[in-house]
Amino acid sequence: MEKLLGEFSLGLFVFQTLLFLLLLFLLKRFAWKPILNAVNEREQGIKNALESAESAKKEMENLQADNQKLLQEARVEREAMLKEAREMKNKIIEDAKDEAKVEAGKLVEQARASIETEKKAAIADLKAQVATLSIDIAEKVVKDELSNKDKQLKLVESMLNEATLN
Amino acid sequence: MQRNRLEKLVALFVLMLSLFSCDLQKQDEATKAAKQAERKAYIQHHLQDSYDFNLFSYTKDDGHKAHVGFPLPVILWDDGLKVFSSSKFHHGETLAEVDGNHYKLYHGKIYKTDASGTIEYDEDHHALNEKPLDFSITKGVVMILITGLLMFFLFRGLARSYSNNGGIAKGVGRFFEPIILYIRDDIAIPNIGEEKYMKYMPFLLTVFFFIWFLNIFGLTPLGVNVTGNIAVTTSLALLTFFLTNFTGTKDYWKHIFDPLGDSMPWYAKIPLYIILIPIEVLGIFIKPFSLLIRLYANMQAGHIVLMSLIGLIFLFRTWMGGVMSFGLAFAISLIEVLVALLQAYIFTMLSALYFGFAAETHDHAEAHEGEVQHL
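Protein sequences, first through last, are from chains B and Y. The numbering of the first sequence is the working numbering, which starts it at 1 and goes up by one. The numbering of the second sequence is the working numbering, which starts it at 1 and goes up by one.
The hints are simulated quantities; they were obtained by calculation from the structure and are not laboratory data. Careful, some of the hints might be misleading.
What the hints assert, rightly or not - In silico DMTMM-like links for lysine to aspartate or glutamate, alpha-carbon gap of 25 Å or less:
1. K40(Y) / E29(Y)
2. K287(Y) / E7(B)
3. K112(Y) / E7(B)
4. K170(Y) / E41(B)
5. K33(B) / D185(Y)
6. K47(B) / E195(Y)
7. K154(B) / D144(B)
Since we're looking at a predicted model, the values are computed, not measured.
Using the sequences and the accompanying hints, generate a full structural model.
Now the structure itself:
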């Protein structure tokens, strides 16, 4: 301890204290403050940049998600529209078919009816003509037959014969 | 590292020079003992502050010691300011006469003597002569100045490179910036806290680099031993002491004079406090005292070990011994480079820890709530 105190030099102590305090003051003013401020500023800048990058990334992701969603929606919509269109097409075709069938049936019916009428008319006409023709023929035959007496008699006779047989 | 190795080699060379001629002669036992005493004195002398900046010494052919270096101003207060060059002492060989007063350099200290330079002793062989107040620019002061200037220009340069270079360090600042950040992020903030650390940062940074640089200078063959000087470490520790106690919060003082707080009634605390308060008060002084002794002892011991090992090379005077001592000295010098950094770190770290105690503020609301429940 005595040796320690013996080594203690007041002059050096005073100079060390003064010089160190001066150095502390000068460095604080000209070095540490600017250095720490610059470093803090830089760190803040980096932090901000990272944060903004993060938020940009998030925004981007949101945007992408939105896009995806929109795309999905569009796809679904397209799908729906296509389906609807297909259904509509089928329906139209079906409807057209049905209508055509009905129309065709109607036409056939009409045709059949008109054919029936035509047929009836034709038959009626034919009947009338056959009647006239038979009357004409009969007239001619009768005219011819009645001109010959024998023949008339013979006919009567044969008719009578037939009548007895029956 | 490369440079330091080189410096060690230079140191070796310097020592070799100083002991060159005498080691060539054959020695008998008596001269051997004398040589050992001389080496011890040499080491002791080297650890002390000195009035001139000695680069190296050697013994000339005619047996006289020659010293290469430069003198420094001696400033004394002895009934008026006395300023003269340390060259007047001729390395302690002659008296310096200034304004009719005679001063003698004796064991590294200046004493006022009569014209013939008599030193009077008491029974313990201590000099009784009057010692004038001594404010000399010693070797230590010169090294402090050099370190201060180096630090100032180095860190002002770093500060400027930020503004000139868009917030990015340039050159040697790239090396020092991570260290500054380390002190901030791993020493100051964890110990002191996010809110108050800025107040202590200038001191912590200055003290760290000051001690580190001076420790490294101590490893150079210049033979400076500033951080191994008790006056310097006392000054540094005192600054820590004052800074701690002048910035101490109410909680800091409460912790010293009322360490148990409201955890028990006052009459129970009295017998405990008879012991506790003196211990706490003593702690205020022991903390910085441990700082000053630790730094002083570590640097002093490192220098003694290193110089002794280098001295061993010349003591053994055999091929094997020389190589072994050299290897040891080399290994120890590498460790000393680490110790130089480590001691600066420890001083800064512990200072930050003490500042942390001084700056702490407890969250008392919570503690009080707990007590209400206890009652």
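| query | Of the hints stated earlier, which fail here? | reply | Those not satisfied: there are none.
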